[in-house]
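With these hints in hand, go ahead and build the complete structure from the sequences.
Letter by letter, the chains look like this.
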Amino acid sequence: GQQVMQIPQYQHVQEGEDFTTYCNSSTTLSNIQWYKQRPGGHPVFLIQLVKSGEVKKQKRLTFQFGEAKKNSSLHITATQTTDVGTYFCAPGADGSEKLVFGKGTKLTVNP
Amino acid sequence: DGGITQSPKYLFRKEGQNVTLSCEQNLNHDAMYWYRQDPGQGLRLIYYSQIVNDFQKGDIAEGYSVSREKKESFPLTVTSAQKNPTAFYLCASRRVGSNQPQHFGDGTRLSIL
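Chains as they are written, first to last, in my numbering: chain A, -12 to 98; chain B, 200 to 312.
Derived from the structure by calculation, the hints contain no laboratory data. Some clues are possibly wrong.
[Said to hold, decoys possible] 27 Å max Cα-Cα, derived BS3-like pairs, lysine-lysine: (1) B:Lys270 x B:Lys256; (2) A:Lys23 x B:Lys213; (3) A:Lys85 x B:Lys282.
[Said to hold, decoys possible] Cβ-to-Cβ under 8 Å is the rule here; a few derived chain A residues that face chain B: (4) Tyr9; (5) Val37; (6) Val87; (7) Lys90.
[As the list claims (entries may be wrong)] Among the chain B residues that face chain A by a calculated CB cut under 8 Å, a handful are: (8) Tyr232; (9) Gln249; (10) Asp258; (11) Phe303.
Cβ coordinates follow ideal geometry from the N, Cα and C atoms, glycine included.
If you want it as C-alpha cells, here you go:
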C-alpha cells in the first residue's frame, strides 16, 4: 500500500459552511478510496476514484482525483450536523492487497 | 456492516495475559484485515490475509499474531508482548483486487485492567 498525508487533521465549521479535506501522495496512485467514520462507529466506504482528473458527486459531497493521480480531495457543500465524523482516504496499489489509511480529518459541525 | 461480526465488543485484559479477538465474515471475501485505532492516529494495519493459510504483517505487527484456517475467520491474538494494547480494533474484509472496497466490523475495544 501507498503512504499518504491527509490534511487538515481537524476541522471545525459552522453548519452551512463548506468543508474540504485533502489527501496527498509523493507517488502516483492507481486508485483512491474514501471512507467516513461516525463517532463511535466503524469506517464506511463512500467512493472510489480511479481515473486521472476524475470527479464524482454524491449529493453535497464532491470527490476529485488529481490529474497526476497523486492527490485527491473531498469537498462538502453546506455542511450539516449529520456530516460529523472522521473522513479517511485509502490509496490503492495495483497488485497489492495491503491497504493503509491516511490519518483522517475529523470534522465537527456547530449547529 | 452486517456481514462481518467482531466479538466481543468490549474486552479487558490483565497484565501478562494473551487475549484473542474474533472476526467472522459471511461475505465470501478472500482478503481480511486487522487495524488498530488510537485517538488521533487513524487506522494502522496490523496483519492482513489474502487467502486461507496465508497472511502478511502490516505496519505494526509486533506483539500480535493471527491465523487464517478458514476463509470466514481471521482471529487476532494480542500477546503479552504488546505493551500498550489498549485501543479500538477493527476487522475488515474485501474481495481480492486493489479496487475493491473494504467492509468493516463494529470493532472491539480492548482495555487493560
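Each hint, compared with the structure:
no. : hint                : in the structure
1   : B:Lys270 x B:Lys256 : holds (18 Å)
2   : A:Lys23 x B:Lys213  : violated (33 Å)
3   : A:Lys85 x B:Lys282  : holds (25 Å)
4   : Tyr9                : violated (15 Å)
5   : Val37               : holds (6 Å)
6   : Val87               : holds (5 Å)
7   : Lys90               : holds (4 Å)
8   : Tyr232              : holds (7 Å)
9   : Gln249              : holds (5 Å)
10  : Asp258              : holds (7 Å)
11  : Phe303              : holds (4 Å)
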